[in-house]
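Below are the chains, spelled out letter by letter.
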Amino acid sequence: MTLFIEQCLNGLQFGLLLFLLAAGLTLVFGIMDLVNLAHGSLYMIGAYFAATFAAWTGSFVLGAVLALAATLLVGMAVEVIVMRRLYGRDHIDHVLATFGLILFFDEAVRLIWGPAGLSLSLPPWLSQPVQILPGMNYSAYRLAVIVVTLAVAGFLYVLVMRTRIGMLIRAGASNREMVGALGVNIKLLYTLVFGLGAALAGLAGLMQAPILTVQIGMGENILILAFVITVIGGIGSIRGALVAALLVGFIDTLGRAFFPDILRMLLSKEAAATAAPALSSMLIYLLMAVVLVVKPEGLFSAGNK
Amino acid sequence: MRPALNLRTLVTVVLIAALVLLPLYTGLSGNRFLLTLFTRIVILAMAAVSLNLMLGYGGMMSFGHAAYLGIGGYAVGMLAHEGIDSGFVQWPVALAASALFALVIGALSLRTRGVYFIMITLAFAQMAYYMFAGLARYGGDDGLTIYKRSQFVAPVDLSNKTQFYYICLALLFGVIYLVWRLTNSRFGLVVQGARSNDLRMRAIGFPTYRYRLVCFVIAGTLCGLAGALLANQTDFVSPSIMYWTRSGDLIIMVVLGGMATPFGPLIGAVALLVLEEVLSGITEYWQIILGPLLLLVVLFARGGIDGLLTNLSGKASGQGRS
Amino acid sequence: MRKALLAASAAVLLAAGPAVAQQKTIKIGFVSTFSGPTAGIGNDMRNSFELALDHMGRKMGGIPVEVIYEDDGLKPDVGKQKTEKLIESDKVDFISGYIWSNVMLASLKPIVDSKTFLVIANAGPSQIAGELCSSTVFSTSWNNDQTPQAMGLYMNQKGVKSVFLIGPNYAAGKDMLAGVASTFKGKVIGQELTTWPSQLDFSAELAKAKASGAEAVFVFYPGAAGVQFLNQYAAAGLKGTIPLFTAFTIDELSLPLQKENAIGVTGAQEWVNDLPNEANKKFVADYRKKYTGLRPTFYGAQSYDAAQLINSAVVATKGDLSDKTKLQKAMEKADFKSVRGGFKFGNNHVPIQNFYLQDVVKDADGQLSLKTVATIVKDNQDQHHDKCPMK
Numbered sequence: 000m001t002l003f004i005e006q007c008l009n010g011l012q013f014g015l016l017l018f019l020l021a022a023g024l025t026l027v028f029g030i031m032d033l034v035n036l037a038h039g040s041l042y043m044i045g046a047y048f049a050a051t052f053a054a055w056t057g058s059f060v061l062g063a064v065l066a067l068a069a070t071l072l073v074g075m076a077v078e079v080i081v082m083r084r085l086y087g088r089d090h091i092d093h094v095l096a097t098f099g100l101i102l103f104f105d106e107a108v109r110l111i112w113g114p115a116g117l118s119l120s121l122p123p124w125l126s127q128p129v130q131i132l133p134g135m136n137y138s139a140y141r142l143a144v145i146v147v148t149l150a151v152a153g154f155l156y157v158l159v160m161r162t163r164i165g166m167l168i169r170a171g172a173s174n175r176e177m178v179g180a181l182g183v184n185i186k187l188l189y190t191l192v193f194g195l196g197a198a199l200a201g202l203a204g205l206m207q208a209p210i211l212t213v214q215i216g217m218g219e220n221i222l223i224l225a226f227v228i229t230v231i232g233g234i235g236s237i238r239g240a241l242v243a244a245l246l247v248g249f250i251d252t253l254g255r256a257f258f259p260d261i262l263r264m265l266l267s268k269e270a271a272a273t274a275a276p277a278l279s280s281m282l283i284y285l286l287m288a289v290v291l292v293v294k295p296e297g298l299f300s301a302g303n304k
Numbered sequence: 000m001r002p003a004l005n006l007r008t009l010v011t012v013v014l015i016a017a018l019v020l021l022p023l024y025t026g027l028s029g030n031r032f033l034l035t036l037f038t039r040i041v042i043l044a045m046a047a048v049s050l051n052l053m054l055g056y057g058g059m060m061s062f063g064h065a066a067y068l069g070i071g072g073y074a075v076g077m078l079a080h081e082g083i084d085s086g087f088v089q090w091p092v093a094l095a096a097s098a099l100f101a102l103v104i105g106a107l108s109l110r111t112r113g114v115y116f117i118m119i120t121l122a123f124a125q126m127a128y129y130m131f132a133g134l135a136r137y138g139g140d141d142g143l144t145i146y147k148r149s150q151f152v153a154p155v156d157l158s159n160k161t162q163f164y165y166i167c168l169a170l171l172f173g174v175i176y177l178v179w180r181l182t183n184s185r186f187g188l189v190v191q192g193a194r195s196n197d198l199r200m201r202a203i204g205f206p207t208y209r210y211r212l213v214c215f216v217i218a219g220t221l222c223g224l225a226g227a228l229l230a231n232q233t234d235f236v237s238p239s240i241m242y243w244t245r246s247g248d249l250i251i252m253v254v255l256g257g258m259a260t261p262f263g264p265l266i267g268a269v270a271l272l273v274l275e276e277v278l279s280g281i282t283e284y285w286q287i288i289l290g291p292l293l294l295l296v297v298l299f300a301r302g303g304i305d306g307l308l309t310n311l312s313g314k315a316s317g318q319g320r321s
Numbered sequence: 000m001r002k003a004l005l006a007a008s009a010a011v012l013l014a015a016g017p018a019v020a021q022q023k024t025i026k027i028g029f030v031s032t033f034s035g036p037t038a039g040i041g042n043d044m045r046n047s048f049e050l051a052l053d054h055m056g057r058k059m060g061g062i063p064v065e066v067i068y069e070d071d072g073l074k075p076d077v078g079k080q081k082t083e084k085l086i087e088s089d090k091v092d093f094i095s096g097y098i099w100s101n102v103m104l105a106s107l108k109p110i111v112d113s114k115t116f117l118v119i120a121n122a123g124p125s126q127i128a129g130e131l132c133s134s135t136v137f138s139t140s141w142n143n144d145q146t147p148q149a150m151g152l153y154m155n156q157k158g159v160k161s162v163f164l165i166g167p168n169y170a171a172g173k174d175m176l177a178g179v180a181s182t183f184k185g186k187v188i189g190q191e192l193t194t195w196p197s198q199l200d201f202s203a204e205l206a207k208a209k210a211s212g213a214e215a216v217f218v219f220y221p222g223a224a225g226v227q228f229l230n231q232y233a234a235a236g237l238k239g240t241i242p243l244f245t246a247f248t249i250d251e252l253s254l255p256l257q258k259e260n261a262i263g264v265t266g267a268q269e270w271v272n273d274l275p276n277e278a279n280k281k282f283v284a285d286y287r288k289k290y291t292g293l294r295p296t297f298y299g300a301q302s303y304d305a306a307q308l309i310n311s312a313v314v315a316t317k318g319d320l321s322d323k324t325k326l327q328k329a330m331e332k333a334d335f336k337s338v339r340g341g342f343k344f345g346n347n348h349v350p351i352q353n354f355y356l357q358d359v360v361k362d363a364d365g366q367l368s369l370k371t372v373a374t375i376v377k378d379n380q381d382q383h384h385d386k387c388p389m390k
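Quick note, the sequences are listed as chains A, B and C, same order.
Counting along the first sequence from 1, when you hit position 117 you're at 116 in numbering that gives the first Met the number 0, and nothing is skipped either side.
Counting along the second sequence from 1, when you hit position 41 you're at 40 in numbering that gives the first Met the number 0, and nothing is skipped either side.
Counting along the third sequence from 1, when you hit position 372 you're at 371 in numbering that gives the first Met the number 0, and nothing is skipped either side.
In case anyone wonders, no lab produced these hints; they're calculated from the structure.
One should not assume that every hint holds.
Using 25 Å as the maximum straight-line C-alpha spacing, the simulated DMTMM-like pairs for lysine to aspartate or glutamate come out as follows [said to hold, decoys possible]: (1) C/84 to B/283; (2) A/268 to C/214; (3) B/160 to C/69; (4) C/386 to B/81; (5) C/258 to C/358; (6) C/108 to B/84; (7) C/26 to B/197; (8) A/268 to B/81; (9) B/147 to C/130; (10) C/26 to B/283; (11) C/90 to B/81; (12) A/294 to B/197; (13) B/160 to C/214; (14) C/281 to C/214; (15) C/84 to B/156; (16) B/147 to C/112; (17) C/108 to B/156; (18) C/90 to B/283; (19) C/186 to A/260; (20) C/90 to C/112; (21) C/90 to B/276; (22) C/84 to B/276; (23) B/160 to C/112; (24) C/160 to A/89; (25) C/114 to B/156; (26) C/114 to C/69; (27) C/84 to B/81; (28) C/90 to C/70; (29) C/289 to B/283; (30) C/84 to C/65; (31) C/390 to C/378; (32) C/336 to C/251; (33) C/108 to B/197; (34) C/184 to A/260; (35) C/108 to B/276.
Isolated chain A, as found in the complex (with noise of 0.2 Å):
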């Protein structure tokens, strides 16, 4: 039971983080319409930045707040220099573009931070397992990851929700042209909630550099996650989003602990260890394919055509 309880904590915390990532993709898809493959590269660039930062000022809060205003500004000055000339063409042209963003941020990345990869570690305070319940101790800094998280969540539910800025983000999910009709600055707009995703993708990847290590193509396996969950949840709908990481979150973590025990029981077990890791791993992309062929329009969507 303490196992299962384990199990779901970390399903949470990565199907947590994986929303992170998520919101800001599908803010960007819905609004701007973008396919931005290089989401996963603003991922990694907010990582370098925290590891380098919590090594300059040698605190690992004051490291992550640096990082996170760095992977804004970072954010906003490649919608400005990029991204803005590729609204309103082929997703194809989008695809290409944000695929060369990718080896360019890899390999930008390489020539300054080395190919090694750096590590960020954890205050001592978070580096401790706590106690949560009578005889189990959890990752602190999972914890962690689980608090901020869904704060953040929080915030981003305030700030679409209740806000006029929120206001113009959903009105832009829905109908791109009005909002622009109705004499709203579109382009400062834009630059915003791109700026706004690139920020969430850096969170998450700061968060996650400590438990993985920082290294160049951190963010790419991860992005195909992401885009699972947008499309899963819908594309633009930050409900969706959650629901969707959540689901994948759990599914991926659940997976590995307790498919190889299904799978020994069907197989020889020399079979089932081997084929285990690389059959879970190809349960959220069924996932998708199954949400996808009964709702061709994923399972919030957020009503544009």
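Given the coordinates of chain A, assemble chains B and C onto it according to the supplied hints.
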């Protein structure tokens, strides 16, 4: 496409001549690696041509085309591993398996549109990737070495580098011709019509879903052939052959060369892979040049190299763009 | 674009100029990982290989040496392509390097087909020790399962009754876990293989290990993954509760990042930096002098030995590399002073050697370093040599 003596035709003809004469040069200079490199380019060009059929002409933006490379490759690899070396068995199996996979994937994916289509094809390709990564008997993640290339009757020997190169080249030209004929047939016109206005085509009475599905399956099958060749060329097949970045590479080739043009994907494949080879020889950080270059092509050279050549020839632009 | 294309084609054609005359230089190709998170390993191998060349005056048997380093990017297909380039385009006399078993297996065919002499400086897939062994293929490392087998023996000595195994799902990972299981006399309670190299979050696996009630955990994670594993092991509260035994998880590259999390975590290894022989003292001292701030690892030690092995054969044949049989005989003698002390080849060209137990301690400067604690097993030969047709 009327053959006129302009820059675009000239470059295409020079490129084809160079490809045909290449073994002569490598034979004289003794550099066999160049032949190995270009065999690879020719094979990947074939995959790009097949992608162009659905992407360029059909407007179906598949982000999982590399899956067929893997299925074709694994058909050869797995049969070879089981001791079945005959190419007369391996290749038809490779084609049939790719066609079947494309049929299933296509039937499901074509229900969706736009970004959803991009993502669902990606999802299926990733599923194929993880499925092959899980096949412990066939090497799993590590891949499978093919100790004996596909066997055909006496004079045909795929282990002979020059012969294998010419076989690949001949098949490439065959595939280009086939795609060209297809796109100019009634079938091709319906598929292209569905790209620009699906609703109208359906209103006229064409079951476009079925046409698009057939197009999807043909593209997948041709790519499966490229996969069977690639496995023979590398004597090795691993799941990484169908990783999503490889699908991205194929898209780059098509767009870089020129979508919906007969020779665009070939030009794109040669340009991209030669550029990679040259840049990586110049600097370790070659991707920092390649990345922005792609960006520039998207922003300023719509229609890819083919479009650029057409413009330079002084002809009216706009050909080969949707 | 057209001009660029033409220029590019011209550059390729030029680069492919005619082959150089024979034996003016000894050409060695070295394939390793120089990019990505495990680039540190490749750099250490290159540093050590270069240091060995320095010690030889950059000549072997009086002939200048040229080394061409190629990056495999930790991908089997890329490694194979680079190997083909070295053989077909650069026409190297020897080829060396290879960290990863999967890259090595993918690259083996062109090497064996072209009868190029190969000295593997790290990878040790069991096939190459067994049925795929070849007259021109040599190793200065080990077979994958030897090191974990030694660890299994050590766990027996410590009276461990049950163990949980965790490793990456690729050729070496499977060999490693099978290795421990083959010598360990207690019960293997569970085994987890993770996606390699992309999976770095081990929370699900650690939770299972904890819940299994195993007395000990054995793990194999080379490079950056080893750092993450130890960090997460500590963060999950397992360090100090369940003893951890390792193979190739803690080395001089990972230790500065693992820090306190590595103290008291033992591992088996065929070379440790403090082995008391003259060749090793010189290697370690000169390495630290030449590359300030760095310490050599076992990857480097094996690469240093690889260079020495090639040198010994070139010297013995007086630089005449045309007679492959003579060269093979010279290589088999392994007539050089290895940094690990004794060195001799088995019938399959894999070394027969000692395995030591290493532990992490604070050294005289107050820095964390690896230290030899005991000799676990002497003159150990891999268990696959019977399957090798060479006698």
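Agreement of residue 386 of chain C and residue 81 of chain B with the hint, judged by alpha carbon distance not exceeding 25 Å: holds (21 Å)
Holds or violated: residue 84 of chain C to residue 81 of chain B, with C-alpha atoms at most 25 Å apart: Violated, at about 30 Å.
Hinted pair residue 268 of chain A and residue 214 of chain C, Cα distance within 25 Å: Holds, at roughly 22 Å.
Satisfaction of hint between residue 156 of chain B and residue 114 of chain C, Cα-Cα up to 25 Å: Between residue 114 of chain C and residue 156 of chain B the Cα gap is close to 21 Å, so the pair holds against 25 Å.
25 Å Cα cutoff - pair residue 84 of chain C, residue 276 of chain B: Between residue 84 of chain C and residue 276 of chain B the Cα gap is close to 11 Å, so the pair holds against 25 Å.
Distance restraint between residue 160 of chain C and residue 89 of chain A, which requires alpha-carbon spacing of 25 Å or less: violated (63 Å)
Restraint status (C-alpha distance of residue 108 of chain C to residue 84 of chain B at most 25 Å): holds (17 Å)
Distance restraint between residue 90 of chain C and residue 112 of chain C, which requires alpha-carbon spacing of 25 Å or less: Answer holds: residue 90 of chain C to residue 112 of chain C is near 14 Å, not above 25 Å.
Straight-line alpha-carbon gap residue 108 of chain C to residue 276 of chain B, limit 25 Å: Given pair residue 108 of chain C, residue 276 of chain B holds - Cα atoms ~23 Å apart, limit 25 Å.
Agreement of residue 108 of chain C and residue 156 of chain B with the hint, judged by alpha carbon distance not exceeding 25 Å: Satisfied, since the Cα-Cα distance of roughly 18 Å is no more than 25 Å.
Satisfaction of hint between residue 283 of chain B and residue 289 of chain C, Cα-Cα up to 25 Å: Distance of about 24 Å is within 25 Å: holds.
Given pair status - residue 197 of chain B, residue 294 of chain A, alpha carbons within 25 Å: Since the Cα atoms of residue 294 of chain A and residue 197 of chain B sit roughly 20 Å apart, the hinted pair holds (cutoff 25 Å).
Going down the numbered hints, you'll see the structure goes against 7, 11, 13, 14, 24, 27, 33, while the others check out.
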